[in-house]
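Colleague: Okay, here's what each chain looks like letter by letter:
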Amino acid sequence: MTSAERYVTAAYLVVLGVLLAYLVIYAFKLSRLEREVGELAELARRRREG
Amino acid sequence: MSTSLPNNRTAALAAAAFVLLLGGVALAFYWVPNAPLEGFRQRIFYIHVPVALTAYACFGWAAWKALRLLSTRDQRYDLESYTAVHMGVIFGILTLVTGSIWARTSWGVWWSWGERQLVLFLVLFLFYSAYFMLRYSVEPGPRRASMSAVYALFGVVLIPVSFLAIRLAEGLIHPVVFDRDIGSNLAGSQLLTFVVCLAGTLALAASLYGNELTGKRIDERLRELREALE
Chain A
-2 MTSAERYVTA
8 AYLVVLGVLL
18 AYLVIYAFKL
28 SRLEREVGEL
38 AELARRRREG
Chain B
3 MSTSLPNNRT
13 AALAAAAFVL
23 LLGGVALAFY
33 WVPNAPLEGF
43 RQRIFYIHVP
53 VALTAYACFG
63 WAAWKALRLL
73 STRDQRYDLE
83 SYTAVHMGVI
93 FGILTLVTGS
103 IWARTSWGVW
113 WSWGERQLVL
123 FLVLFLFYSA
133 YFMLRYSVEP
143 GPRRASMSAV
153 YALFGVVLIP
163 VSFLAIRLAE
173 GLIHPVVFDR
183 DIGSNLAGSQ
193 LLTFVVCLAG
203 TLALAASLYG
213 NELTGKRIDE
223 RLRELREALE
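So the sequence lines, in the order shown, correspond to chains A and B. First residue of the first sequence? That's -2 in the numbering used here, and the numbers climb one at a time after it. First residue of the second sequence? That's 3 in the numbering used here, and the numbers climb one at a time after it.
No lab work stands behind these hints: they were computed from the structure. Possibly wrong hints are sitting among the right ones.
Examples of chain B residues lying across from chain A (beta carbon under 8 Å, computed) [as the list claims (entries may be wrong)]:
no.	residue
1	Val27
2	Arg43
3	Arg45
4	His50
5	Val53
6	Ile95
7	Val99
8	Gly217
9	Leu227
10	Leu231
Cβ atoms here follow ideal geometry from the backbone N, Cα and C, with glycine treated the same way.
All chains should be modelled from the sequences, with the hints used to inform the complete structure.
Modeller: What follows is the structure, given as structure tokens:
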């Protein structure tokens, strides 16, 4: 692999890497939202039961 | 819960982005001939320039939503403007990193402070990065929304300055491709590949924007729900 090929590949991989990192962060956010929905559903159930 | 980009449209945009970007990368690597002066390394152009233009588009979209907020006082535009700035910063990071790699392979340096195009893009990026500091230093509410909107609108002035800097400056090493002589600067195959990659990055940004906006809205509604229940 030539130097130019290495740099070009690196540029495309950086874009892919940032997108994957974003995906991981978003997955954490979704799991937090899911947990919060669960907590609120539990809170609503307890309130309903008095 | 209403969103300006319904989830099915966001999914369609994500699928379009996947197909277009995969096709664009395949065209860039296997179809486009080597550029006469730049050679193989010119292929960074097909990711760097679309990503940069997408960053400009995101900041422009944020400013448009900010303008809508200031003119209508409808608070939903605040979250839309904020999400667009968020996307713009992500694409700004990609622009700076891919540009730096291209600079290293073309000019032998990772960064050149003498290049107005680079420095102005960095200024634009830092300006919008500071948006988050401003936003989170003020309590949520109409005041924060107005301040954020005014800030997002100010930043948009930097976009044409950044875009035109390369054409106004003298003695540059940063290449100019999009001018009146575009036909001789880019061959048909190069232009087509560029357009496919640009369409792919714009579709990607739009789908990320839709997802992020939905997530932020759910977050906001959950906070309201928690306050009502506790």
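Colleague: The hint names Val27(B) as touching chain A; please verify it with the least Cβ-Cβ distance against 8 Å.
Modeller: This hint holds: Val27(B) lies near chain A, its Cβ roughly 7 Å from the closest one there, short of 8 Å.
Colleague: Return the status of the interface hint for Arg43(B): holds when the least beta-carbon distance to chain A is below 8 Å, violated otherwise.
Modeller: At about 4 Å, which falls below the 8 Å cut-off, the nearest Cβ of chain A leaves the hint on Arg43(B) intact, so it holds.
Colleague: Checking hints one by one. Is Gly217(B) an interface residue toward chain A, by the C-beta closer than 8 Å rule?
Modeller: 6 Å, holds
Colleague: For the hint on Val53(B), just tell me whether its beta-carbon gets within less than 8 Å of chain A.
Modeller: Since the shortest Cβ distance to chain A is 7 Å, the answer is holds.
Colleague: Once the shortest beta carbon distance from Val99(B) to chain A is found, is it less than 8 Å?
Modeller: Val99(B) check passes; min Cβ-Cβ to chain A is 5 Å, inside 8 Å.
Colleague: Just to be careful: measuring from the Cβ of Ile95(B) to every Cβ in chain A, is the smallest value less than 8 Å?
Modeller: 7 Å, holds
Colleague: Answer holds if the nearest beta-carbon of chain A is closer than 8 Å to that of His50(B); otherwise answer violated.
Modeller: With a closest approach of 7 Å, the His50(B) hint holds.
Colleague: Should the interface hint for Leu227(B) be scored as holding, given a Cβ-Cβ cut-off of 8 Å against chain A?
Modeller: 6 Å, holds
Colleague: Can the hint on Leu231(B) be confirmed by a CB-to-CB distance to chain A that is less than 8 Å?
Modeller: 5 Å, holds
Colleague: Under the criterion of a CB-CB separation shorter than 8 Å, is Arg45(B) in contact with chain A as hinted?
Modeller: Nearest chain A Cβ about 5 Å off; hint holds.
Violation of the numbered hints given earlier is absent; every hint is satisfied by the structure.
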